[in-house]
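S.K.: If you want the building blocks of each chain, they are given just below.
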Amino acid sequence: MSQNISQELIDKCIQGQAKAQKQLYEFTVRQMYGICLRYCKNPEDARDTMQEGYIRVFSKMKQFEGKGVLEAWMRRIFVNCALENIRVNKFYTETSDISEEYDLGFENLTIDKISQKEIMEIFQKLANGYKTVLNLFAIEGFSHAEIAEMLGISEGTSKSQLARARGAFLKEYNKLKN
Amino acid sequence: MNNLDNILKQQMETFAPDAPNIWAGIEHGVQANAAAQTATITKTIGSKLVITIAKIATIVVIPASVIVYMVSNKKNNIVESPKVENSILSPNHNTEELKTVESPKTATVNTENKSLIISESKRGISNNNSNLNSSKKIVSETIIINKSNTSEQINKAKNEKVIIVSNEINKDISNEEISENKEVEIIEENEAKGDFLNSENEIRNIPNVFTPNNDGINDKYVIDLDGEKFYNLKIYNYNNELVFESNDKNNNWDGVNYKTGQACNSGTYYGILQFKLSNEDKISTRMTKIKLIR
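Top line first, the protein sequences correspond to chains B and Y.
Letter by letter, the first sequence follows residues 1 to 178 of our numbering.
Letter by letter, the second sequence follows residues 1001 to 1294 of our numbering.
None of these hints come from the bench; they were simulated from the model.
All of these numbers come straight from a predicted model, not from anything done at the bench.
Take these hints with a grain of salt, some might be off.
[As the list claims (entries may be wrong)] With a straight-line Cα cutoff of 16 angstroms, these simulated EDC-like cross-link-like pairs (lysine to aspartate or glutamate) come out:
| no. | chain 1 | residue 1 | chain 2 | residue 2 |
| --- | --- | --- | --- | --- |
| 1 | B | K67 | Y | E1245 |
| 2 | B | K113 | Y | D1005 |
| 3 | Y | K1259 | Y | E1245 |
| 4 | B | K159 | Y | D1005 |
| 5 | B | K117 | Y | D1018 |
Model the full structure from these sequences, guided by the hints.
M.R.: What follows is the structure in structure tokens.
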């Protein structure tokens, strides 16, 4: 489904040509919306985050030159936008003391098959802090040091949050499948 | 636990659900941003212009005042040069200088005066001498003229500089307008041709699926390209990290991260190929998404 973005299109977007920008938007919108949905609480928040993300991408595109892959660069901007929007909730101070949700019993559970839809269903049920750290570590592939910096938490908190998040995810997965 | 992380990554990397159409809002936001940027640029140009005018004014006014002072002095000097000497010189020098002044040749008096006047103007024209007062008035008048920007009344040197500055701005603006018009035309042409996508006429095959699992099929990422003068392939992973680079089309990627030596996981990768064919003048760039499956 994804079409390749040409250098010509990138150049025109950098020049600020609206038609080129629209084309880039059309090429990437589904993928970027996917990112926003993964991080945000609901589709409305995802929509707002996406709009902010695209405006930022087009305004900052001059800075992209020579920084590898446009899509990856854009994704980073959208992740940052999403993080800024959810950080307001200060979920880490809220959830870090709640140990009930961290269920050791599911730690060794393995997942055979799970669809995107099912993952999203489980994400909706997870606490914001868990969802965020799973997104950043497992899907985006950031290190604990990077996550700590992005979220303004310690590396230790990032690690413990991830362990709890995996447990919570598997618990929900178990519920879903049984 | 890597099991969960891997599954999440593999499934969600390609998560691209149907999205609401929010282009109108984005376009509006981008335009508003651009307008805000242009406003700041105009502001800075404006303030720069004011500063330049002020600078030119200072440069022009000082020598002008010197000239004016000299002219007014010349007239006075012939009649009452000793007076001027007395008021400007410190008492220690009085005797020496007065000797020169007393000499009958007016020419020498004038040269003496010139040097004195220049040093005086360097001190900031702050003497209460009656001669200086007249030149001060002229100075203040010139400044007022500068502020009102009636360049006709400003003296020649300044006038020329101001015109150059404003001309440059005019040129820039008109150039921008012209290039904008051109760009619009180019977009319309391209839209008709659908030129934004990679046209792969020059290049036979840039594969987008790659299976480095040692089964003898598609184990290396090979780009089918002939007659190139220049070749550079970069492969990035999902996180924009370079995992492979080659300047030789026969050196093909085998799915190993060339920095760490580790085999790359299944997932999405991006290839950026730059090449120049022997019959072309400029380097072409092609980008492709590569799905690595193990």
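S.K.: For a quick check of understanding: which of the numbered hints are violated here, in increasing order?
M.R.: Checked against the structure, no hint fails, so every one of them is satisfied.
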